[in-house]
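Trainee: The residues making up each chain are set out below.
There are 2 protein chains.
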Amino acid sequence: MIAEGFKPEQQYETLRNSSVETVRRAIRNGNYRGHTAGLGKGLLQCNLVVLPERYAVDFFRFCQRNPKPCPLVGVSETGSPMMKTLGADIDIRTDVPGYIVYREGLPAEEVPNIIDLWQDDFVAFALGCSFTFEHALMQNGIELRHIETNLTVPMFRTSIKLHEAGPFSGETVVSMRPIPRNDVERVAAISRKFPYAHGAPIHIGSPEEIGIKDIKSPDWGNAVDVRPDEVPVFWACGVTPQNVLAQAKPTISITHKPGLMLITDVPEDAEIPVLSQQQ
Amino acid sequence: MIAEGFKPEQQYETLRNSSVETVRRAIRNGNYRGHTAGLGKGLLQCNLVVLPERYAVDFFRFCQRNPKPCPLVGVSETGSPMMKTLGADIDIRTDVPGYIVYREGLPAEEVPNIIDLWQDDFVAFALGCSFTFEHALMQNGIELRHIETNLTVPMFRTSIKLHEAGPFSGETVVSMRPIPRNDVERVAAISRKFPYAHGAPIHIGSPEEIGIKDIKSPDWGNAVDVRPDEVPVFWACGVTPQNVLAQAKPTISITHKPGLMLITDVPEDAEIPVLSQQQ
Numbered sequence: 005m006i007a008e009g010f011k012p013e014q015q016y017e018t019l020r021n022s023s024v025e026t027v028r029r030a031i032r033n034g035n036y037r038g039h040t041a042g043l044g045k046g047l048l049q050c051n052l053v054v055l056p057e058r059y060a061v062d063f064f065r066f067c068q069r070n071p072k073p074c075p076l077v078g079v080s081e082t083g084s085p086m087m088k089t090l091g092a093d094i095d096i097r098t099d100v101p102g103y104i105v106y107r108e109g110l111p112a113e114e115v116p117n118i119i120d121l122w123q124d125d126f127v128a129f130a131l132g133c134s135f136t137f138e139h140a141l142m143q144n145g146i147e148l149r150h151i152e153t154n155l156t157v158p159m160f161r162t163s164i165k166l167h168e169a170g171p172f173s174g175e176t177v178v179s180m181r182p183i184p185r186n187d188v189e190r191v192a193a194i195s196r197k198f199p200y201a202h203g204a205p206i207h208i209g210s211p212e213e214i215g216i217k218d219i220k221s222p223d224w225g226n227a228v229d230v231r232p233d234e235v236p237v238f239w240a241c242g243v244t245p246q247n248v249l250a251q252a253k254p255t256i257s258i259t260h261k262p263g264l265m266l267i268t269d270v271p272e273d274a275e276i277p278v279l280s281q282q283q
Numbered sequence: 005m006i007a008e009g010f011k012p013e014q015q016y017e018t019l020r021n022s023s024v025e026t027v028r029r030a031i032r033n034g035n036y037r038g039h040t041a042g043l044g045k046g047l048l049q050c051n052l053v054v055l056p057e058r059y060a061v062d063f064f065r066f067c068q069r070n071p072k073p074c075p076l077v078g079v080s081e082t083g084s085p086m087m088k089t090l091g092a093d094i095d096i097r098t099d100v101p102g103y104i105v106y107r108e109g110l111p112a113e114e115v116p117n118i119i120d121l122w123q124d125d126f127v128a129f130a131l132g133c134s135f136t137f138e139h140a141l142m143q144n145g146i147e148l149r150h151i152e153t154n155l156t157v158p159m160f161r162t163s164i165k166l167h168e169a170g171p172f173s174g175e176t177v178v179s180m181r182p183i184p185r186n187d188v189e190r191v192a193a194i195s196r197k198f199p200y201a202h203g204a205p206i207h208i209g210s211p212e213e214i215g216i217k218d219i220k221s222p223d224w225g226n227a228v229d230v231r232p233d234e235v236p237v238f239w240a241c242g243v244t245p246q247n248v249l250a251q252a253k254p255t256i257s258i259t260h261k262p263g264l265m266l267i268t269d270v271p272e273d274a275e276i277p278v279l280s281q282q283q
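In the order they appear, the protein sequences are chains W and Z. Each number in my numbering comes from the position in the first sequence (counting from 1) with 4 added on. Each number in my numbering comes from the position in the second sequence (counting from 1) with 4 added on.
Don't take every hint at face value.
If you anchor each label on the Cβ, the simulated ranges turn out as follows [stated by the list, open to error]:
no. : chain 1 : residue 1 : chain 2 : residue 2 : range
1   : W       : Asp-218   : Z       : Lys-45    : 44 to 52 Å
2   : Z       : Lys-217   : W       : Arg-185   : 52 to 60 Å
3   : W       : Lys-217   : Z       : Glu-108   : 54 to 62 Å
4   : Z       : Asp-120   : W       : Gln-143   : 53 to 61 Å
5   : W       : Ala-192   : Z       : Arg-196   : 16 to 24 Å
6   : Z       : Glu-108   : W       : Arg-58    : 22 to 30 Å
7   : Z       : Arg-190   : W       : Gly-145   : 36 to 44 Å
Below are the BS3-like pairs computed for lysine-lysine, each with C-alpha atoms no more than 25 Å apart in a straight line [unchecked claim]:
no. : chain 1 : residue 1 : chain 2 : residue 2
8   : W       : Lys-253   : W       : Lys-88
9   : Z       : Lys-197   : W       : Lys-197
10  : Z       : Lys-88    : W       : Lys-88
11  : W       : Lys-165   : Z       : Lys-88
Everything labelled a hint here was simulated from the structure, so no lab data went into it. We treat Cβ as the ideally placed atom computed from N, Cα and C, and that holds for glycine.
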């Protein structure tokens, strides 16, 4: 249990060595509101999109048609906040460290939980996140600049069109990681093994070809250097839905705060993002 | 163009060496009503489930929660028969060689097309199929008994519970392929690479552990021998939804006839089952 009054850095260091139950309790009780990178080691983490059910069929279609930015890993029953297939006791109203509430597609407020906002017609969608393939890359000896330098990965709007579904359309958001030229092929092959975590890179090498004007000015996150022996490698990014909501303008929608993800009970190397089935 | 009056075997042999456009035209015109194994070489083939939109959110949930039997590879707009993300001109009403119509979940009739049955509230779901990983296994030198002997792969009901979603629940249907003991690990690793085609085996070795009483009496398809040096290997099967419809009892639903699949324009080794995106 994390005591109130801890400084965020102390909390993070304590939670980094804690069980997922302890981490989840600290988040649920409002005692930890920081980022989740490195917490719940080895477990799948997710992006979150909550929408009223009348948008659900189109959002399902949107995710099915755009599985690289929006790999669907879990969906609640309509009106139920429990993510049954992702854990034994995951309550989507409290188990993310921070939420953004959108009205008509625009960010309206940031809240620590969504207990009072929850509606009987809400459906919660969990989407895979890049932590999974980043861990696999690091286990294979690939160093990631933004992690080494303790920065948030740089993210960019692109000209890569999404397949539309109902009101959901727009362009893909990507994250960028500089990779040594000789490692690019191996990095692509490793990340391709994780279809629930954005899969293989969506573009390699030329930011201008995908509509990125200045690699030093990301739209989200922090700029990182690309050294002469390195190539900028771009992956589809879980921030894409937040970009799409701005255009779709649902009356109300809720996402996680970037970097503050849902930690599940599913191992991140599981073949499918579903708690093992009972027989 | 396949002339009327051809014998099915002659048609099949001709179409086997034809372009996908020719194959699709023959199917669309009602001139070919046979199985699609070996046709449209190198292209993704799919199982089909058509449902009224009021069942769509739950069926989406069902597929998301059971991605091994039900890997979703394409979904139509409500009321539109075109499968836009799977091909430039795929009409789900005519482009499958044979359909089964279910009323209250029970097979009511078999029809060569569903033009007259199409409803404004229909949503068509395409699910990946085992042809994809079978081709990859054969390319890696693994012989498949049912193909060698020109039989339909044996399929069995099991006790492996599905994750339910609304009215959709029940048990997984599996297909079985005997694999030489020494190749089992390699076969599992190869098929795991195809998450949109049922992925890795769901069980290896003991039919009785998954509720199969007699390996020589499949529920669908033909029995094949398991030789002393072989192990029975079980994959989740695209016939599962047909089993589930019987319990869900939607007023009307339509599937392909087993073995008579939808042939798409998407390469079967594509990372995602979506025609390449325009930029």
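Trainee: Which constraints among the numbered hints does this structure fail? Numbers only, ascending.
Mentor: Numbers 7, 8, 10, in rising order.
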